[in-house]
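Q: The primary structure of each chain is shown beneath.
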Amino acid sequence: MLHAHGVTKRYGAIRALDGFTLDVAAGEITGLVGHNGAGKSTFAEILTGLVEPDAGTVLIGGRTPGAARGDVGVAPQQIALYPAATAREHLRLFGGLAGLRRRDLAAASDEVIDDLRLGDFLDRRTGLLSGGQQRRVQAAIALLHRPGLLVMDEPTAGADPETRQSLLAVLRRRAADGCAVLYTTHYLPELAELGATIAVARQGRVIARGTGPELPGSLT
Amino acid sequence: MIGSMRRIAALARHNTLLRVRDPGPFLSYLLMPMLLMAVLKPLYLRAVPGGTSQVATGMLVMFSVLALHIVGAATLSERGWHTWERLRVTRATVTELLLGKSIPVYAVLLLQQVTLTGYGIAVIGVRPAGAWWLLAVAIGVWGATLLAIGAALAAVVRSHGELHAICDIGALAVTTLGGALVPVALLPSWLQQVAPLSPGYWALTMLQAAIRGDVHRTLTAAGLLLTVGAVAGVVACRRLSRGWGRATLL
Ligand SMILES: Nc1ncnc2c1ncn2[C@@H]1O[C@H](COP(=O)(O)OP(=O)(O)OP(=O)(O)O)[C@@H](O)[C@H]1O
Ligand SMILES: [Mg+2]
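If you read the protein sequences in the order shown, they are chains Y and S.
Start counting the first sequence at 1; every next residue gets the next number (this note's numbering).
Start counting the second sequence at 1001; every next residue gets the next number (this note's numbering).
Please note that a few of the clues may not be correct.
[Unchecked claim] Among chain Y residues calculated to face chain S with C-beta under 8 Å, some are:
1) Val-51
2) Gly-70
3) Ala-98
[Unchecked claim] Covered stretches of chain S (in silico footprint by chain Y; criterion: 3 or more residues with CB under 8 Å from a CB of chain Y, positions within the stretch not fixed):
4) 1088-1095
5) 1190-1204
To be clear, the hints were calculated from the coordinates, so they are not data collected in a lab.
Don't be surprised by glycine CBs; every beta carbon is placed ideally from N, CA and C.
The shape of chain Y in the complex, shown without the other chains:
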């Protein structure tokens, strides 16, 4: 589903990505780990088509990120919500932009509302929500239209254990349905729970790839 080879991105003297290579198959969850500044979010931004790589190949289901936009679900690391709009209004907007019609939108919304337990604060303005609640709304937007590739950039940062569990459970279900998931985190036990393969990024490239037990402890 996702094929990236030799991706390079520089910001002035900083090499955010330096020959980044990673493949994620449909139905596979890949945990992308690595120190702060390793290039994880930059790679995520390239997948969404927001950032153009300087060199390298990126294909999502055989298409360029720009062409595949509708088939990628993104939960960015940064909160990107309208403070004056409610969670429900966000779902309506982003569902509409993804091409969901009224009935499909209602069904899809109900599903993510249920999965991520948004019910308690669905009609409150997101600007008033707690950090973890805002993260859940972001994750819901990413999941809403059932994309073929999910890019979740630290989606559990600041989430409580219960929220974490419910998010991990949805992602496992989505993967079982054939969705490819790229999941960045600094919290390794999550990856074991997800049954994810792990990619370790360092200084803009993937230096190790495998399942948790396969990788030397010094890397993870």
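The hints should help you fit chain S with the ligands onto chain Y, whose structure is shown.
A: Structure of chain S with the ligands alone, referenced to chain Y:
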């Protein structure tokens, strides 16, 4: 095509909601000129020929330029919230995003100008001698010009403070120079020379010509303003389609 219309509609509805949740600026840019028209009318009647038309169109132009702030803030906020980047990763194209955002804002500008024109006629006593369509053209064109200029401003400024300053000072400068406060004919002669450089001058010319029923002058001014608007629109579209990535507002 249908998909595209739906996305534009989804955006327009969402942006309407955002405008409705923040009505303060709009109401002040509506009520303040009404008050000023009523207060200043006696003064203008004594001071200049055509004082009624002058006070009504002058205040309309001044406060419609101030409303640039609404246009600018609508776009600038999306930069601050990072939602512009969020929208850019959806299926919607930049054109759809811009249309979906612009329609409600344009409606706000039209609503302001139509209300102020109606008030000018009903309460202040402006008597349009020309056809209604001429007034409609003038208002439609001026709204579109402001929309494009506001979007361009929002695309290039670096903070809300900058936008505020430019809109406030800019509105006063553009409209004073354009003859909204004092008719151009009464301005010092060196100011009269540069007055046509101000879009406010052409807006005022266009509106007053539309009220008089001068088709030729209305349309000439409209053409000029549309050109300015088109240039600003291109600047706005180009900058907005590149986005800002991680860069936030100051
Ligand atoms: N738009 C940008 N302009 C300048 N530098 C950037 C930009 N985007 C990323 N960088 C730089 O690229 C490097 C990689 O950043 P990135 O956000 O990808 O790291 P990360 O692995 O996601 O880190 P974290 O774990 O802290 O989220 C950093 O040094 C960062 O400062
Ligand atoms: Mg990151």
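Q: Determine for every hint whether it applies to the structure shown.
A: Comparing the hints with the structure gives:
1. Val-51: 6 Å, holds
2. Gly-70: 4 Å, holds
3. Ala-98: Check passed: Cβ of Y:Ala-98 comes within 6 Å of chain S, closer than 8 Å.
4. 1088-1095: Three-residue rule met by the stretch 1088-1095 of chain S, so holds; n is 5.
5. 1190-1204: n = 0 at 8 Å, threshold three: violated.
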